[in-house]
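Turn these sequences into a full structure, and let the hints steer you where they fit.
The numbering used here applies: residue 3 is where the sequence shown begins, and numbers increase by one.
Keep in mind the hints are simulated off the structure, nothing from the lab. Hints may contain errors.
Pairs of lysine to any residue residues, derived as SDA-like cross-links and limited to a Cα-Cα distance of at most 25 Å, are as follows [stated by the list, open to error]:
1) 7 <-> 72
2) 10 <-> 50
3) 10 <-> 72
4) 7 <-> 35
5) 51 <-> 11
6) 48 <-> 83
7) 7 <-> 58
8) 51 <-> 74
9) 7 <-> 54
10) 10 <-> 27
11) 7 <-> 74
12) 10 <-> 63
13) 48 <-> 5
14) 7 <-> 61
15) 7 <-> 47
16) 51 <-> 8
17) 10 <-> 92
18) 7 <-> 68
19) 7 <-> 40
20) 51 <-> 68
21) 10 <-> 93
22) 10 <-> 74
23) 10 <-> 39
24) 10 <-> 24
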Amino acid sequence: MLERKLRKGRTEVTFVLPREVPPGPVSVVGDFNDWQPGVHTLMPRKDGKRAVTVELPADTTQSFRYLAAGDYWFNDESAGDREGCNSRLHT
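As structure tokens, then:
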């Protein structure tokens, strides 16, 4: 799931997943971090989910995927758009 907050000239996007599905560490990788795993790792939050927030420039399109333990790549179905095997979001 994606949560968005519009700010002046940028958008804060929070990537949210259930705490244990999939199990183990999960990071979000994409255009915004040069597809580097571990840069944006989802962390537990008080509501029982895990999340990470990334600041992105306004009016851009970003491709991304999640990477879980065991080299398990997956998409965010709530993104609503795809480019090949990647999820896409519009800020």
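Violated constraints from the hint list, given by number and in increasing order: Result: hints 1, 2, 3, 5, 6, 10, 11, 22, 23 and 24 break, sorted rising.
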